[in-house]
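Listed below, chain by chain, are the residues.
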Amino acid sequence: MRMAVEGMGIVSTVGNAPQDLARAARHILQEEGMPLAVSKIDTGDLARYASSRALRRVDHFTRMALLAAYSALEDAGLEAAELEHTGIILATGYGPVKLTFDFLDSIIDFGPEMASPQAFAHSVHNIPAATIALMMSLRGPCFSICQLDTAVTAAALAAQTWLAEKRVTRVLLGAVDEYTALLETNTQRIAESLPAESSGGRRRLVPGEGAVFFCLHADPGMARHGFIEAMPPAESFLDAPVFFSGSASPEQRKAFPQAHDLSPLYGNMPIGMAFDAAVALLAVREQLSPALEKCPAVHCLSRNRFGMTGRILVTSGECA
Amino acid sequence: MLHSGPVSVTGMGCVCAAGTNLQDTLRALETGQRNPLPPSRFKSEHSRIFPVFEVAEHIRSTHEKPGADLSMTVHFALYAMEEALLQAGLAVSDLHSHRVGVCIGTSVGASLNLLDFYRAIRAGQTPELEPVHRYLDSNPAVALAHALGASGPVQTVVNACSSGADAIGLAASWIAQGICDIVIAGGADEMSEVTYNGFIRLMIADQSPCRPFDTSRGGLNLGEGAGIVILETAACRAQRNAPELATVLGFGTAADAHHLTAPHPQGLGLKLAISEALNAAGLTSADISFINAHGTGTANNDTVEAIVLNELFPQTPFISTKGMTGHTLGAAGAIEAIFTMAHLTAGGIPASAGFSEEDPLLNASPAHAFTPVQGQAAISQSLAFGGNNSVLVVGKGRAI
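Those protein sequences? They're chains A and B, same order as listed.
Under numbering that gives the first Met the number 0, the residue at position 262 of the first sequence is numbered 261, and the numbers go up by one with no gaps.
Under numbering that gives the first Met the number 0, the residue at position 361 of the second sequence is numbered 360, and the numbers go up by one with no gaps.
Simulated restraints, written as ranges between beta carbons of each label pair:
hint: 1; chain 1: A; residue 1: 234; chain 2: B; residue 2: 93; range: 20 to 26 angstroms
hint: 2; chain 1: A; residue 1: 250; chain 2: B; residue 2: 85; range: 35 to 41 angstroms
hint: 3; chain 1: A; residue 1: 108; chain 2: B; residue 2: 346; range: 51 to 57 angstroms
Hints were generated in silico from the structure; no laboratory data involved.
Note that the structure is predicted; figures quoted are calculated from it, not measured.
Ideal Cβ placement from N, Cα and C applies to all residues, glycine included.
Kindly produce the complete structure, drawing on both the sequences and the hints.
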């Protein structure tokens with residue numbers, strides 16, 4: 000089932016507007032390998048949607064998620080109060096890591112009898128999605144999915160499942176991960192212990208962070224940006240470009256003649272596929288020209304460390 | 000929401016403190032013998048002891064790939080999966096000709112609770128990466144799919160304490176919509192020092208064996224384990240001539256949108272989830288023979304559940320099984336869905352371990368002795384951090 004993309008929200012190190020993403024993607028596609036200017040994630044715009052009081056205990060991971068979700072709604076021309084029968088699905092590779100380690104810090108620093116209950120409670124993986132539900136007063140289904148490199152495909156399939164059975168009429172589908180210095184150290188140590196050909200091409204890639212949200216609807220007439228659809232993996236794709244993320248080695252990427260690696264845009268990130276899908280939605284609307292000429296469809300693939308590959312097909316309206 | 004019809008359950012497996020297979024566990028639930036103890040796998044630095052329900056035996060699955068070093072969570076899940084596959088009459092090789100999905104709920108099993116590793120980092124050491132590799136290899140749904148060579152969708156649901164129920168609910172939709180022929184679904188979680196400290200600091204852990212719905216209840220005891228079901232399409236089951244042990248009739252899930260760690264005081268989200276699950280099943284509250292309540296033993300949870308049960312199911316017997324298993328977090332919804340199916344088939348529910356005196360403020364008592372139940376359907380309900388509420392309506396198995 001194709002899901003109509005009504006709106007899209009981006010929070011990234013290359014900027015938070017779709018045109019920022021398009022500019023960065025064009026740079027990578029035209030000058031693959033050239034460094035890309037990135038900056039620290041800025042979630043200051045959240046103040047446009049929520050009071051500082053409401054945000055005072057909200058951590059960085061959840062701020063990124065909230066800003067991307069609100070931006071997707073705004074892009075769709077919707078307000079939270081208008082949302083009925085709406086579900087939330089949040090995909091992540093590691094969950095709110097910073098809070099997890101904040102709780103460990105509090106155990107180490109103050110002992111278990113004085114450890115921070117708030118850091119513990121808020122480090123539970125479904126709290127960011129629950130915060131979105133709470134702040135938008137959404138009482139539909141609210142799922143969080145955690146797995147490396149295939150969480151976005153899994154989340155898209157869950158959204159399709161809900162829309163197909165009319166459990167909801169709309170889904171806020173998002174993906175979030177955050178950077179920590181410890182994650183970078185560990186990732187580097189692990190990558191260095193692997194031979195180059197099996198490191199998934201990410202040996203020198205710094206862990207990234209960011210969030211992407213899509214506002215999805217079952218009605219094809221609501222497709223402002225195009226469509227996305229979780230699909231079973233296939234052996235080859237000759238009909239359209241491929242954006243390949245995750246643990247794919249250069250050899251595995253070569254199996255797809257039109258494969259592009261956009262990972263410099265988002266870094267080493269288990270939910271990189273969500274950024275690929277966002278760029279693909281720009282591509283099918285011809286917003287990556289001249290770096291990528293008219294392409295009514297893009298395959299987004301993400302491969303995990305066991306070789307399992309998730310696939311999302313992004314299409315324009317004319318590719319129905 | 001579309002009414003999709005019953006989804007067949009052809010296998011069930013369970014590991015928890017009450018037993019390392021479903022039959023032993025059900026027998027333990029009948030006898031009510033329980034023995035929560037101080038945690039054995041880590042040394043608690045608390046001055047007070049909070050008992051937990053650990054799996055007593057050293058569980059190791061035969062499906063662990065050579066050289067792999069998997070988490071306890073995955074071992075519990077694999078072990079329960081082996082029991083479920085055996086009961087379903089399925090060998091791993093049988094699965095390769097089918098579209099097999101894996102959908103597992105967890106909480107601890109997807110968390111970076113690397114306390115000792117992190118402590119060493121903080122001390123300026125460079126610890127071995129073994130715990131990191133274990134984490135990377137031990138995403139529950141991915142690890143099960145990898146062990147089986149499954150080719151269908153793979154999903155690890157992390158909805159805190161409703162994860163196991165949510166995984167089964169979503170898996171049932173995959174079957175109903177023809178996305179998979181077979182789905183291995185359920186939940187798994189292990190005891191963790193981090194979680195143990197967290198629940199104590201939230202002041203919702205009991206220093207005594209827990210007493211769900213009792214007037215003297217003082218909180219929860221943590222538990223661990225896994226519950227796995229095999230769901231199949233009617234065509235797949237008929238082809239194999241496999242008995243249907245139970246059915247998933249409906250699933251409802253709703254958010255409270257009220258508070259991040261406390262349920263809505265009137266159970267708003269829970270009522271929505273119940274209504275949705277009954278609608279999906281094409282049933283009414285009068286069709287429900289009994290309810291397996293979430294029943295953690297905390298003041299808030301049991302109060303809200305009692306309000307909802309009194310309003311929607313005033314005459315329907317209910318039970319909490321956490322007095323026998325502890326709160327197994329991401330596994331709880333799956334383990335309890337399996338208990339619900341088994342008790343529906345058996346025609347009765349055992350006494351709720353730990354309950355002895357009704358709380359006059361709740362005006363709701365779980366079964367305090369074996370209670371015969373009649374009918375074709377029952378409910379298992381799960382509440383979670385974040386205000387998640389999930390409800391499975393399950394039915395008896397039908398003759399082929």
